[in-house]
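Using the sequences plus the hints, can you model the full thing?
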Amino acid sequence: MERLFHTSRGWKIMEPVEAGQKPLVLEESADHDVRMDGIATSIRPKRVGIKEVASLAGVSWKTVSNVVNDRPHVRPAMREKVLAAIAELGYRPNLAGRQLRQGSSMTIVLAIPEITSPYFGKLAEHVITSAESRGYTVLIEAYGEDPTREGRVLEGYQNRLIDGIIYSAQNVSPEAVKARQDPTPMVLLGERILDSGLPHVAINNNRSARELVSHLASRGRTRLAFLGDRPDVGESVAGLRLEGFQEGLLENELTFDQHLVMGVQRYSRDEGEMAALRLLNSGVPFDSVVCASDILSVGVLRAFRRRGIRVPQDVSIVGWDDIPEAEFGAPSLTSISPDIAALAEASLEQLLTVMDGRKLENVEMEIGYTLKVRESSF
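Quick note on numbering: full-length UniProt numbering labels position 156 of the sequence shown as 156, and the sequence is numbered without any gaps.
Calculated directly from the structure, the hints in this document are not laboratory data. Cβ coordinates follow ideal geometry from the N, Cα and C atoms, glycine included. One or more of the hints may lead you astray.
Straight-line C-alpha distance at most 20 Å; calculated EDC-like pairs for lysine to aspartate or glutamate [unchecked claim]:
#, residue 1, residue 2
1, K122, E132
2, K51, E80
3, K122, E345
Ranges of calculated distance between the beta carbons of each label pair, as one might list FRET restraints [stated by the list, open to error]:
#, residue 1, residue 2, range
4, E80, L371, 52 to 60 Å
5, T255, E361, 18 to 26 Å
6, G283, I140, 40 to 48 Å
7, A87, G151, 45 to 53 Å
8, A179, I309, 45 to 53 Å
9, E327, H73, 54 to 62 Å
Structural data, given as structure tokens:
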């Protein structure tokens, strides 16, 4: 059995030897390298603790703790001595322990369907930037298309110290949200769940849908299809946009045709392409497609291209989210462009307000958007 002991020159490891053999010695040098027959390998140096800082500064460990926790009653001269000792020794406070004592981790969760989506990727980027400017770390929970996995978001993170959750719901039922028992502060982003009691941040989906319909009507379009219905999801964004679509038709004295409403399982390019093919195969005439998301529009464009349908000469396409492909595609896509930076900032502000125990001025917060008209609907 090997033995480890400390000498004035550092730690030494004595390996067991057979009779007549010279012991193998691994010796730690002053720079914390272990030297064995001229070969240097690194070992971890001893972690500097609060007592070492106190000893070097000539103060008590409580004084060091007061300085580290930025308590105001430490004299300036004493604070400078402690900070100098911390710098000299490279002392790093145990943040986990301090956070546990204070009951705060300075960590929030952003729960979204996927991180690879252009829209959610950009949203996550803005949430992280906004949170970091306030000293918070953001954990990304990409729950995918599995309702069971998404449902765990509502259960909270009891095994981790989390201060709050920004949740972009996708497949969860309103009943599940209302029955939530976890006390962790939560803000809903995008999807609206009525009577949940939770703060909610989103654009006005109904009004933006009506604007898209009015835009198409102004271009002389009369047979409008809606692609991206999600009837399996309760108070979904898709449902609100379909509702606004129908109201927009009525306002512009156009006819609503249920046969021109195509549902999807999720928002993806593949789903958009398949729904467009079903629409074409139905034989019902149409001259415009309103897509509930730009990611669906990209798939629709591909289906039309393969069938020889010209955009916008034969059919116009419009959508939501203003993803990069909308601007740089051929043709470029007309889209509702939400202010994602404002969306991220508002959701974080709502969450911090709830976390601080303050009363919200508006439980429902509406964020602005812009209709960007491009080649697909000229």
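Which hint numbers doesn't this structure obey?
5
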